[in-house]
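Student: Under the UniProt record's numbering, residue 166 is the last one in the sequence shown; the count climbs by one each step, no gaps.
Worth flagging that the hints you see were computed from the coordinates, not collected in a lab. Think of the CB as a built atom: it goes at the ideal place given N, C-alpha and C, for glycine as much as any other residue. Keep in mind that a hint or two might mislead.
FRET-style restraints, in silico, Cβ to Cβ [as the list claims (entries may be wrong)]: (1) Arg165 / Pro38: 18 to 28 Å; (2) Pro38 / Val86: 32 to 42 Å; (3) Arg28 / Val162: 18 to 28 Å; (4) Asp53 / Arg154: 32 to 42 Å; (5) Asn51 / Gly85: 12 to 22 Å; (6) Asn51 / Glu161: 17 to 27 Å; (7) Gly85 / Asp164: 15 to 25 Å; (8) Val162 / Pro18: 12 to 22 Å; (9) Ser58 / Asp37: 18 to 28 Å; (10) Asp37 / Asn103: 15 to 25 Å; (11) Ala29 / Ser155: 33 to 43 Å.
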Amino acid sequence: MSSSAEGPSGRGTARWRPGVRLCLDWGRARIGVAACDPDGVLAYPVATVRNDDDVMVSIRALVAEYEPLEIVMGLPTDLRGDRAGVAARAMRKNARRVNSETNLPVRMLDERLTTVTAAQRLAATGKDARARRPIIDQAAAVAILEQAIDMEKRSGTAPGEVIDRA
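Input sequences plus hints: build the corresponding full structure.
Tutor: This is how it looks when you write it as structure tokens:
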């Protein structure tokens, strides 16, 4: 059985690599975590993890629970598309650490405007700013993961910049 589906024209559509993905929206104080089902139908919020000395313990526990194919992380990119700034370099360092600690590939995707998108989605639910604060990072992780899923399903190619020591 092929992992490629037949489209309306009878031609195969792009391939999706089946498997759960975890997404980390890495912030100074908190890390929003999202996951998707193995078929990439639904991305959903999982947790908000404190970015403290025990952060890798928390991430390894989530990896053990969800058994993801890979981890997706946002890559800070300015509005001109520059991915070489201080924030991007710091995020690549975090991604290398996650890769080293989990032995999973980390795919880094442009995270421009994902927090804005997440804030707009949460505002549309009617929650006030105080109620949104604890879950905004999870919502941003969902937005990044949805972008990764859409890109892979459209192109048939795993998206983003990969960090993998293997």
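Student: Next, verify each hint and record whether it holds.
Tutor: Here is how each hint holds up against the structure:
1. At roughly 25 Å, the beta-carbon separation of Arg165 and Pro38 lies within the given 18 to 28 Å, and the hint holds.
2. Taking 32 to 42 Å as the suggested C-beta distance range, the pair Pro38 and Val86 conforms, at roughly 36 Å.
3. Separated by about 25 Å at the C-beta atoms, Arg28 and Val162 satisfy the suggested range of 18 to 28 Å.
4. At about 40 Å, the beta-carbon gap between Asp53 and Arg154 stays in the expected band of 32 to 42 Å.
5. Our hint of 12 to 22 Å for Asn51 and Gly85 holds, since their Cβ atoms are close to 19 Å apart.
6. For the pair Asn51 and Glu161, the beta carbons lie near 21 Å from each other, so the given range of 17 to 27 Å is met.
7. For the pair Gly85 and Asp164, the beta carbons lie near 23 Å from each other, so the given range of 15 to 25 Å is met.
8. Between Val162 and Pro18 the C-beta distance comes to about 18 Å, which sits within the given range of 12 to 22 Å.
9. Between Ser58 and Asp37 the Cβ separation comes to about 22 Å, which falls inside the hinted range of 18 to 28 Å.
10. Taken as a hint, the range 15 to 25 Å holds for the pair Asp37 and Asn103, whose Cβ atoms sit roughly 22 Å apart.
11. Checking the proposed 33 to 43 Å range against Ala29 and Ser155 shows it holds: the Cβ atoms sit about 34 Å from each other.
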